[in-house]
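Residue numbers (the numbering used here), protein chains in the order written: chain A, 1 to 599; chain B, 600 to 853.
These are calculated hints, taken from the structure and not from any lab test.
Each hint should be verified, as a subset may be incorrect.
Here are some, though not all, of the chain A residues that point toward chain B, as calculated from beta-carbon distances under 8 angstroms [as the list claims (entries may be wrong)]:
#1 S456
#2 P469
#3 K472
#4 W473
#5 P475
#6 L476
#7 A477
#8 G478
#9 V479
Beta carbons: idealized from backbone N, C-alpha and C, even for Gly.
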Amino acid sequence: MRTSDRRALISRILAGLGLLGIVGALPWLSQRDPALSVLRARYSELEPTPEAIAAVRAELGLEGGPVAISARWWEGVLHGDLGTSWVSGAPVGPGVWHAVGVSATLTVLALLVSFLVAAALVAPVLRAIARDRPVRGSGPVGVAMTALPEFLLASGLLVIVAVHLQWLPPYGWTGFGSAVLPALALGIPGGGLFGRLLGDALAGSSRETWVQVWCLSGAPRRVVLAAVLRRALASVVDQVGLIFIGVLGGAVAVEQVFAIPGLGRYLLGAANSQDLPALQAGVLAMAAAAVVIGVAASATRLWLLGGPLPAGAVSPPPERPHGDRLAQWTFGVGCALLALLLVLGLPRDPFEIVHERLAAPSWELPFGADASGRDLLARVAHGALGTLVPALGIVVAAVAVGLVLAFVPNAVRGPIEVANATPPIIAGVIIAALFGPTVGGAAVAVLWVSWPPLASHAVALVEEAKAMPHVKWLPLAGVRPFEVMVRHVVPVVAPALARHGMLRLPGVALALASLGFLGLGAQPPAPEWGRLLAEGIDYVERAPWTTAAPAVALILISVIAVAAASLQGSNFRWPLAPRRAATSAAPVAPREPEPADAP
Amino acid sequence: MSAPLLKARGISVAYGTRRRPITALHPTDLDLHAGESVAVVGRSGAGKSTLAEIVLGLRTASTGHVSVAGERFCGAGRAPHRRCRHLVQGVPQDAGASLPPGVPVRVSIERAIDRLGVGRHDARAAAGAALDAATAADRILAAAKIAHLDPALLDRTPRQLSGGQAQRAAIARAVAVGPRLIVADEPTSALDARTAAGLADALLALPGRTGGALLLVTHDDALAARCDRILTVRDGVVTPAPGASRPGTAERAA
Chain A
1 MRTSDRRALI SRILAGLGLL GIVGALPWLS QRDPALSVLR ARYSELEPTP
51 EAIAAVRAEL GLEGGPVAIS ARWWEGVLHG DLGTSWVSGA PVGPGVWHAV
101 GVSATLTVLA LLVSFLVAAA LVAPVLRAIA RDRPVRGSGP VGVAMTALPE
151 FLLASGLLVI VAVHLQWLPP YGWTGFGSAV LPALALGIPG GGLFGRLLGD
201 ALAGSSRETW VQVWCLSGAP RRVVLAAVLR RALASVVDQV GLIFIGVLGG
251 AVAVEQVFAI PGLGRYLLGA ANSQDLPALQ AGVLAMAAAA VVIGVAASAT
301 RLWLLGGPLP AGAVSPPPER PHGDRLAQWT FGVGCALLAL LLVLGLPRDP
351 FEIVHERLAA PSWELPFGAD ASGRDLLARV AHGALGTLVP ALGIVVAAVA
401 VGLVLAFVPN AVRGPIEVAN ATPPIIAGVI IAALFGPTVG GAAVAVLWVS
451 WPPLASHAVA LVEEAKAMPH VKWLPLAGVR PFEVMVRHVV PVVAPALARH
501 GMLRLPGVAL ALASLGFLGL GAQPPAPEWG RLLAEGIDYV ERAPWTTAAP
551 AVALILISVI AVAAASLQGS NFRWPLAPRR AATSAAPVAP REPEPADAP
Chain B
600 MSAPLLKARG ISVAYGTRRR PITALHPTDL DLHAGESVAV VGRSGAGKST
650 LAEIVLGLRT ASTGHVSVAG ERFCGAGRAP HRRCRHLVQG VPQDAGASLP
700 PGVPVRVSIE RAIDRLGVGR HDARAAAGAA LDAATAADRI LAAAKIAHLD
750 PALLDRTPRQ LSGGQAQRAA IARAVAVGPR LIVADEPTSA LDARTAAGLA
800 DALLALPGRT GGALLLVTHD DALAARCDRI LTVRDGVVTP APGASRPGTA
850 ERAA
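So here's chain B without its partners, still in its complex pose (with noise of 0.2 angstroms):
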């Protein structure tokens, strides 16, 4: 088996007295594989966003590291470095409230592109074939096809974007800047049954089409079922779900 694409290694989160930690991720390894749909399931506070937050790098871990494809990701105390910060992407819960206001959709990518830099890092990137185009424009129209988007929304503000219109805005957001791993939290909860459905689709054809790995956290168990794996987390501990299709990399939990 190839290198893992996603290395996590004793990630934790403790906050509280030091006499009286809470924890709320317990030091956990998780490795994720390129073309590999993971999912995570559990109750509320279950410490789901918690893991999801970490690998996206918006909340620094108490210890631990992450790699992603061999690049140092983020690790304790240390938040991601914008040389590699297009390397993971996610897909929020509600992506109306979640992209900035007051922009069209297609103004915000373009600032994320320009930002990353992603065209001086194409060579890492290298986000599929879909995604090799020269331009920013041909970029964000590619992104959008694979999220399933109309281009025509595109120049709408995610005010004017429905639910699940503004969830494929995400979708084509995140994957316009190349990344190799898409964490989803929760992207279908507050959508209804149809387009929870569509949206789906869009998302678990994403390690296909861009050659990366997806970590979608649901409360879904027929969309978790659809992923090649399932991991479990209760109170802060991830393990490995009964009859995880694919077993064989390590979760430890301790």
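Looking at chain A on its own, in the form it has when it is part of the complex (with noise of 0.2 angstroms):
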């Protein structure tokens, strides 16, 4: 084993262990004592000494430090143990179970759904190499699917379907009706990321030489199809192993949404109320579920291609020569609409409470009013700052992070594959429990899931800008490795890696809205596009536009992602060095008049 696989190894176990440690200790980790809120809400008549308090500790298993804890957590899980919640008193186990239960139904129904979407979207693709047609990528129906998180489709799906035209029911868990609407809003979203990742494999699959030389050696269609299909799906199995992981917190929302009883709204309702064991057991059920995922993933690409596939092994889709132009308006037409928001809403007050309740949209309010009165035009705008401001601060930091650890890169493969792997409603969920709902947490969680792809951007974008001739051969003028780093290496990857972060900026924002959505971030009255959204639909019979003004906003913002998405694939290589280019004797230096690096 080379070293930098071995160190690459050795971080991956490390960031797994630090994990299950994590998890044990939680309880510990919360910085409130839950021993006195405890015994307030169980033994009123007790004084709160520090005998009783120590006593309570004691019951709940909160002595020893953080290892202690976690290592009794896990002697009894192994045991069969989960704990008992501190909120009821009762054995968490069942509990859990019990939800699991649900979700796994619920999962089911939604991976269908999936597979249908993804089936439909890929169906023409395929259609056209057997036609020996043209291929493209997947079209703008499979952008378009992808476009709205799980928590807006589930909102949207409940406000049309079940409330206005009362087809299904809108919430609970009932019967196989009430199973439909849930499984759509869990399934659309992934379904469409899947079937659009298929579908631009097997274009670029089917550019390949090896598919020439099989027809052009009469093969029939139907095994050219089969091989082209096995090599594409080869290629995306560990992508959409991370898909299905972040349907498990997509199910999160969705659960809330349609008030089913299952794992994520157990997880929600132990965050909320703090109860750690709780959630605990129910982040060691989501824990394994994404273990199972990951474990299904890596062994489908195994008996399709019998190995992991080296970087850059896969053809990148062909390219669409419209597709990039019809990205770029779509992103400048979003930006304007959001900067028309903002300059209509700002200067009106987003607290005052002086309309009607529920007031109708009119000239005056263009919006119309919330359930207490206020200005929803105000607070959507002010929303917009509320949402992205924060957006704005995690993706500096995200970028920053990134570059530092792209100097490590081996070191941090681990925790970057650990971070990738946990949905960001999950990691909201955890750092609530733990610290309460606040806007830095979702901030924090939100960070937690938006620094990997930046880091191993930045790791290789460190790696091309070390190659440049003009960086290898730096040593020789006396420049020591570190000012290497600092003076050329850093100032040639950070605007590309900036770039990067940029254009993930609406994704980020959506991200913090989906946990505002449901709660942990941002607390009334501050505006924030998930709070209002999740304040409106309660009234979606009585006044659709409370739910429609953030609504609107946050599909605004999902389009603008998408087609920022869709810029960021265009751009990825020209940053650097054009790999066309390379063999020109340009340098491949920035091409501005460099600010003289000072003596």
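Two chains, each in its own frame: build the complex with the hints.
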């Protein structure tokens, strides 16, 4: 095993063990002393003397340091004892098992939906390959499918299908009818992403030389098609694993919207009541599900291709000449609309309660008023700031973290994988349970899932920058390694990384909004988009505009996010040396007159 | 015979796993004397550039050590110390891309002189009469003369120079800091025949002008034949080419 590989393996093992240890030590990590609140809740007649508190601490298993607490919890888990709820005093186990059962049913239905969606998206590509027509990647339908986050889709389905059309029950877990909408809300985004990835991979694979060779040597179309499909599937199976782990996080929002007693809602309840044993059990169940998905993905890939793929083994999808322009226009128009919203709404007061409750939209109140009689236009516009400013902070922090970690690429491989496989909502639930729901906590949760892609990109950029001839030869002029990094590598890498980070800004804002929607982020009366949507949805029957205004804003940011993602795909290579031009004598360094590094 | 200027002992490069090591360069001894020019030839991937990079101190060897002019220059897992960094300088294959971009050549050279503190080590640098100039500006002018570089071109950035001019600028940069050994890694391979010939003259004159030595990695047999000695690298093993004009220095391949 190469040293770098060994380091990466050690890093992975340490990251995994660290995660397990942290789950076990969650009660210790919680900054407040739960013994006092439990004492008050259960034995209200007892004086909170130090002895009484110590007794409760012992009963809760809180004495000892983090290692002792973690070890004791894991020992219990291995004996099948998941602990006792701090709130009800009952064992946690049965409740978790029931929730897992409900969630498993829902997940199976959602998987069914996502496979149907993916099949529908992939079918045209397959048909084009079979008929030897020019193959393009997935079209705008696939993009549209992935645009909406689960919580927004779930709210939309609830409002339109259950409340407005009254075709299906709006909430509960009473029969097949009540499972349809949640399964759709959960399955469509995942299936859309799966279909899009697979469609693009198919289009890329179908252009590889071996396909032509097979066709020329008279292989039946059916055989070629099966081989292309197998090749494409193998290349996306890892990402599909991550998508389905993401579905686990989406389940929290969907179960909350439709009031389904599944694992997600269980976790959310545990977080809101700071019932840490319940939270630990829920997180353990989620982690087990994630591991099962990861192992299944690896096994599938092994079966399809027999081993991990080296980087760059998959051909990129053929470029769509007009796709980029469409994305640019969408991005531009979306940003312009957002700017218009800010210009119109920011001068208004979002907190003043002067209007009629639930007033309908009018010339005075373009978006109407909310349930307390506050101006919705003002709240949505200020909510843009409440959502986008923290998101900007997260992006800046993630870029900085990525840049710093890029200099220890092997050491961070494990944490990158663990963080990559954590859905933001789960991270938010854990942080909210530990420190209470705040904007800061939500921001940390979103940061936790935002840095890995930037760190991976930064690692690649740093490697590329270090290989540039003038950087490689710098030591000859007496430039020290640290100076090479700070003066010559970072200035080349940072702009590209910052651009990448800015393109992720809308996605980060959406993740923040989803936490706000679940009550894990900004607290009332602060205007924040997810929060506004959650507030409005209670009045959707009487005043649909209360839901419409924040929903429109969120859809706008979703569209910008998807457009930004496709721009990023097309621009991924140009920050540094374009590979095609690498053989020319032209230096790859910045083209602008460089700010001379001070002697 | 006097003590060799460059003394490399048992330098090797290996990577890969302990059980299945991949050896880029087998343990090699190499001696270069003052005033000598030595060509290193071999096919692509044979290990020529690896050898050059180790001697330059751009890559650390797995085993062995290199000393220059009696000073320990670099060794296994040890990069050259800044104090003796100026002793070995290089001329890259693509100088246009290897000189700091966007900065006039004169500025890059000034910075190199400044960083390597050549002035403080003048006694040891002893880079020949042509370089006994006091100030950095004079030193740069003298180096440009040795490199056959029009001094007016010093104020251009690497991008504004032609291929041949950039190579000469790289030679000037290398010479200006007063090295004892210059390692040129395929310096003419990106040039047309006439420019290459002119550059070869400038390179081969270096040992005479500076009193140092030249290690020239090249694909060009005619250029190699003009050197005092030829070493052949094959599969990471360095051997003197048959008919080497000045035998007597030991090359060992383990």
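How the hints compare with the structure:
no.: 1; hint: S456; verdict: 24 angstroms, violated
no.: 2; hint: P469; verdict: 4 angstroms, holds
no.: 3; hint: K472; verdict: 7 angstroms, holds
no.: 4; hint: W473; verdict: 5 angstroms, holds
no.: 5; hint: P475; verdict: 6 angstroms, holds
no.: 6; hint: L476; verdict: 6 angstroms, holds
no.: 7; hint: A477; verdict: 4 angstroms, holds
no.: 8; hint: G478; verdict: 4 angstroms, holds
no.: 9; hint: V479; verdict: 7 angstroms, holds
Of the numbered hints given earlier, the model fails hint 1 alone.
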